[in-house]
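Asker: Taken in sequence, the protein lines are chains A, B, C, D and E.
Counting from 88, one number per residue, gives the positions in the first sequence under the working numbering.
Counting from 88, one number per residue, gives the positions in the second sequence under the working numbering.
Counting from 88, one number per residue, gives the positions in the third sequence under the working numbering.
Counting from 88, one number per residue, gives the positions in the fourth sequence under the working numbering.
Counting from 88, one number per residue, gives the positions in the fifth sequence under the working numbering.
Incorrect hints may appear among the rest.
Identical copies go unnamed one by one, so any copy, or any two together, can satisfy a pair.
[To be verified] Listed next, the in silico DSBU-like pairs over lysine-lysine satisfying Cα-Cα at most 35 Å (straight line):
hint, residue 1, residue 2
1, Lys250, Lys114
2, Lys250, Lys324
3, Lys132, Lys188
4, Lys250, Lys112
5, Lys438, Lys300
6, Lys376, Lys438
These are calculated hints, taken from the structure and not from any lab test.
One-letter residues, chain by chain:
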Amino acid sequence: MRWPFFTRSKKIGLAPGSLVYTGSKRKNSPRITVFDYTPTTVEEKVCSSVEETFSYRDTKSVTWINIDGIHKIDIIEKIGKHFNIHPLILEDITNTNQRPKVEDLEDMLFIILRMHPNDAMAADFNSEQVSILITKNCVISFQEQEGDLFDSIRERIRTGKGKIRSMGTDYLAYTLIDAVVDNFFFVLEQIGELTENLENEVIENPVPKIVQKLHSLKQNLLFLRKSIWPLREEITKLQRTDSTLISHSTNIYLRDVYDHTIQIIDMVETIRDIITGLLDMYLSNISNKMNEVMKVLTIIATIFIPLTFIAGIYGMNFVNMPELRYKWGYFMVLGLMGIIAIGMLWFFRRKKWL
Amino acid sequence: MRWPFFTRSKKIGLAPGSLVYTGSKRKNSPRITVFDYTPTTVEEKVCSSVEETFSYRDTKSVTWINIDGIHKIDIIEKIGKHFNIHPLILEDITNTNQRPKVEDLEDMLFIILRMHPNDAMAADFNSEQVSILITKNCVISFQEQEGDLFDSIRERIRTGKGKIRSMGTDYLAYTLIDAVVDNFFFVLEQIGELTENLENEVIENPVPKIVQKLHSLKQNLLFLRKSIWPLREEITKLQRTDSTLISHSTNIYLRDVYDHTIQIIDMVETIRDIITGLLDMYLSNISNKMNEVMKVLTIIATIFIPLTFIAGIYGMNFVNMPELRYKWGYFMVLGLMGIIAIGMLWFFRRKKWL
Amino acid sequence: MRWPFFTRSKKIGLAPGSLVYTGSKRKNSPRITVFDYTPTTVEEKVCSSVEETFSYRDTKSVTWINIDGIHKIDIIEKIGKHFNIHPLILEDITNTNQRPKVEDLEDMLFIILRMHPNDAMAADFNSEQVSILITKNCVISFQEQEGDLFDSIRERIRTGKGKIRSMGTDYLAYTLIDAVVDNFFFVLEQIGELTENLENEVIENPVPKIVQKLHSLKQNLLFLRKSIWPLREEITKLQRTDSTLISHSTNIYLRDVYDHTIQIIDMVETIRDIITGLLDMYLSNISNKMNEVMKVLTIIATIFIPLTFIAGIYGMNFVNMPELRYKWGYFMVLGLMGIIAIGMLWFFRRKKWL
Amino acid sequence: MRWPFFTRSKKIGLAPGSLVYTGSKRKNSPRITVFDYTPTTVEEKVCSSVEETFSYRDTKSVTWINIDGIHKIDIIEKIGKHFNIHPLILEDITNTNQRPKVEDLEDMLFIILRMHPNDAMAADFNSEQVSILITKNCVISFQEQEGDLFDSIRERIRTGKGKIRSMGTDYLAYTLIDAVVDNFFFVLEQIGELTENLENEVIENPVPKIVQKLHSLKQNLLFLRKSIWPLREEITKLQRTDSTLISHSTNIYLRDVYDHTIQIIDMVETIRDIITGLLDMYLSNISNKMNEVMKVLTIIATIFIPLTFIAGIYGMNFVNMPELRYKWGYFMVLGLMGIIAIGMLWFFRRKKWL
Amino acid sequence: MRWPFFTRSKKIGLAPGSLVYTGSKRKNSPRITVFDYTPTTVEEKVCSSVEETFSYRDTKSVTWINIDGIHKIDIIEKIGKHFNIHPLILEDITNTNQRPKVEDLEDMLFIILRMHPNDAMAADFNSEQVSILITKNCVISFQEQEGDLFDSIRERIRTGKGKIRSMGTDYLAYTLIDAVVDNFFFVLEQIGELTENLENEVIENPVPKIVQKLHSLKQNLLFLRKSIWPLREEITKLQRTDSTLISHSTNIYLRDVYDHTIQIIDMVETIRDIITGLLDMYLSNISNKMNEVMKVLTIIATIFIPLTFIAGIYGMNFVNMPELRYKWGYFMVLGLMGIIAIGMLWFFRRKKWL
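Looking at chain A on its own, in the form it has when it is part of the complex (with noise of 0.2 Å):
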């Protein structure tokens, strides 16, 4: 199926906990990274199988465990087990189509976000579910596929640039979910692009399928509203947490993302408005250039039609018609229908008709 949120029957009649992966099929193995640093070190790997990130859950430095790739569950399994994860938390993790939202666990977060493709138009606007763990020494974020989003954070460990290596595991799960907003950031403005040049088509050439293009924005904005909204109250439970993991000083960045999840709030429901109010302009504008053709069409034949029975009349085979046998009838006709033309053109322009 198309839409991305209507999988979860997969998993009906099963006990609860029970893992299955409810996204799009995958092939390939998933890509497991680990990323292990303290403020002057900096350790990065590819794991070829999953036992290799365990030995860091006891370390003191920050490690970040990223897994692309969720459809195989053996290797979710084996960290749920490693690092001690609820069974529900798991079920989360593999079922691609939760909420947003944050839960305290006591020794860890939970934190599950959404994210969108880059193509504001894709007619697969599916959106991607991030699962980030955070205990007092890890990061676990786990992404249903590749991608580039976090490579900016990738090179801002390495480098040692900002804070980053400074900062505990609070700071670092902080940069991923700064990240992932940052993207919606990217896709509503290439969305703001398009309603623009729709705009200016919409006042210029009204075709019909803008129609279809507004309509499959506001579509794509509605999916984006479902993944950005609940994010807002949840980084407030975030914030205001007594949980341990996020210290006071992570907090004002935390802040900072809440004010960036309203604005994109904020700009999901202007950009509808908008594109609400250019349907309706669409519609006004196509509706009156209908009018105008079709009240140019009828001016038109009703101009001829009472020209037509005139000449109807002098087309009759009556033996007496006086006029016929006029020798200026004919002439006198074709200037009475003259008359009769003209006069309709000068009426129908008093009447403002054309």
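Let chain A serve as the given structure and place chains B, C, D and E on it in line with the hints.
Answerer: Just chains B, C, D and E now, with coordinates in the frame of chain A:
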């Protein structure tokens, strides 16, 4: 009556607590089944009379009494008396158009849920009432008719798969609620698929009967919404109850159901918005198509009317019409007509009316 | 005036607490009935003057004084004086367009309810005001006119069926409220049935008068909503009151009424949404039907206009028109016309315009 | 400008607390009246200068100073200085487009109300600002122009009818508020009556000018709503104030005003919904009527076009047209035309197009 | 891009706290002005470099540093370092599409406001960001470009008019906020006047270009709303802050600004509702006018079609057509045509189609 929520009037004028079955008429006698289990043992029984279930009230094992069919008032009354249930609760059980709700009655919890048929296009999209009573040792569930909704739970109890056998009545009640809520996903997935198909039809072949289908889906979503919306708040109530009947370990599962409920509400709202958009797009498409037809037809008429007028002129019978006697008069007129026709076509094309 | 809520102006400029009856004009003298009962005894009396009821104020038995007709201001004033009622409360009783409300006046509770006629299609869908005063030993109820709403309660008191005789004034008041609320179900069921019938008509035979009926139903739902909406909050207020006039055992019954109120609001909203959907579907159907008609008619015209043009050509009177002298000219032209007609029909069909 | 709420710009750039009158231009000098009363005495005076009122500030009797006309800034300034009023409050009094509000200023209460003209169809549906200041011994009220709104209160003070003379400044202020609020009922009753009349017109004779009237009513309701909506919250604020200026016995009267405010908001919403329904019904009726006309006209044309075609055929001048020479040819063709006309009529009727 | 809120993407991938100017491209160098005043002295200075302002940080007098132009990142960075401002705040200052907000940073308050151009019909209705920082002795304000918004405040400081010189930084900040908020009244008044003019045009001469104008106004209102709506809550936050930077005496002025904010929101909503009403009325008027035209034209055609048919009949060439030989046949037919025409006109008039 077809709509499911208009049958309370049978009760008007009766004293509160009077039991009257307000659902559809049924004749077969209710089916009563009992599951009684401990972590190590399980007993399954189909009872021929309600009295057979009474002995389970005071056993220490977990007992699940399921009653399919609530139209026999005397059975409900006997259970009410034996299990000491308040008359107003019994009234709610037999009065099959209650809103979903949770009531905390000190020594028991009472839950009403609603369940929809699996056929999303059903004209008769009745919701059925499922009532659940939780006491310390027993769960009593009431359905309007036999169904296979709880079969997977029965299987899990029989085989001892999952945690169900080692947990109490609260967990059993949770699995029942979960099964009912999961059923919504199934129905919504169907509606989602139907909507996608209708979207294609709206774009490619907008025939009038689509409107009826879209309206019918929209109406069914309205009924679904009515059945799921109150559940959100009620499950919160269940989570926050200070009743000792809900243990702390079950609470996290209730939270999971709560998440599902919100997800369902989200899906219902999203599909409703999509259907509204489709209806708008249908109207726009159909009016566009109609406009095209009318425009072409009117243009044909508009081209021939002046030509017919010219033919009419030379069909007049005036004695003195010089052109008629020209040798090439007829062909000149035919030529003139051709020029006028081509001129008009060119004009219409330039105006983008064709 | 027809609408029920525009008659306060009679009161403008008067001092607060002035009694003015603002309902419809009535002439017959109010009917005053008294029920006085204990668990074992019951006394029923029709009073010819209001003074006859005064002696019941201080009896220990439960007394229900019912006054049908509040247009005699002096009766209300006498009761007010004897039972020591605040002038603003008396004003509310006689001023028959109050919102439903509950007021806690230390030694008494004052409740206003609204009640609609049973005929859901009534153009004159006036709601009537029912006021209820609860003191320690008495319930005084005021209706605008005689009705059979409370007959079943009278019967229950007479026969001692149910708990009513063994409970206090709070339970009696509850049964009165319950009777008023139950009446909404009755009206809504009618509206539901009418809506179902109209739905069939909209699908099968969309005639213009349906619009009027749907609008009239929608307007009546508006009035119903206005009468029931505030009740929800007010009954909550009654449940949470710390007045000693409401006993704990009655509270669970109030909760039942509260559930019914929400159910009614739900029903009103659902039917409104359905009716809005029907109006949309009607418009879509009617415009579709109209389009079909216009399309067929226009196609007929479009086929004959070119044919008539050809006939016009050969009706011209040019001296030199070679075809006219061909032996089979006439039949060739007829054939040509046939070919053109069939060609156009084929073209229209291929374009799916027919 | 016609709309009442766009005149703040006169103030832009001025220091806060600068007094500028922003209402309509007026020339006559303000009318200042004083009522000074105790339960037993009453003094009424028209003051020629504002200084005459100053002596009443410290009397123990209740004094009501009413100023009709606030365009003389110096008068407001003198009162402000003598009664020790904060500059921002004086600014609010002269700046005549404030929202209704209540401010608690320790030693005085300040209330702003809005009042609409009695002519509900007025194109110039300006609301006037009424400001009320309550101190321990004085009530000072400011109106934009003279009016008869408070005449009944003056009469009650003069004659000592009701409780007014025996109560304090809070009760006096209440009666002023009550008079302003009651005026809304008067205006709404008018709008209600107009709407009922328009409803009849919409059903019986839907002419275009109804739309204008309905829109004008809807717009006036918008203005009314703007004037009454904030009052609801503000009166609650007044009720809950811990200011000693509002006595407990006046509070129950404020509750009455509060009830009226909600009732007015209810009425405004209800009439707005009704008007929206009427606009829909008008559109539906007018389009239905138009459709009928166009259908009949098109059917007439459709019947005659094939007949004219047949006449055209036998008007052709082919030499060899056998039918022309049949003795009864003419009458056979006439008969054929009759049959075709009747056949088409029968077909149209069967299709229910006629 | 034309719309003002889609430019965050420049920042994607950067570390939080990175300063990037996201507004329109500008070249001129920012203008820095300083006002330093006590109740008795005032110093005004235009600084050529940002360092000139640094010395004012620790003076006891009130200092207002105004920076017009924030596109030179290095200036912002220097100020940030000297005044010890958090990097995220600096980021907000340069990132010119923030929502209005208030942040309490212990030793300073940070306020973001938005300001619209004075031309309400501007296609380019960009809002500009105004950032204000309040410390104990300094107010630093940042504008995107030079403007005359604060000129009246400068004048008041120079001349010492009003209280401004005797108050602290909080009062100065208030006057800045007040100036920005007052500007909204100015823009809204323009929009109000435009709307009134368009209302007249809609009623008297509904031409299509009105739709575009109304939509453009509606869209600009959308942007205004986005700029003012959050301010309401944020100013409340400022009022309730427990920061020592806001003195009690300034609080009453903030309440005044709060009132203005609500008034502006009210106005925006009201004008939006009015414009929506105008759009509806325009559509209704235009369709009514079109209907009139089409009706008249169709009636003309309908009258002539039967007449042309009669003429066609007597244009047939049957040998045996007795009427043709009647002496008065021609005139009888003319008379018949006249009667038919008059009859149809009478019929149409009676049906009220004309």
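Asker: Which hints, by number, does the structure contradict?
Answerer: none
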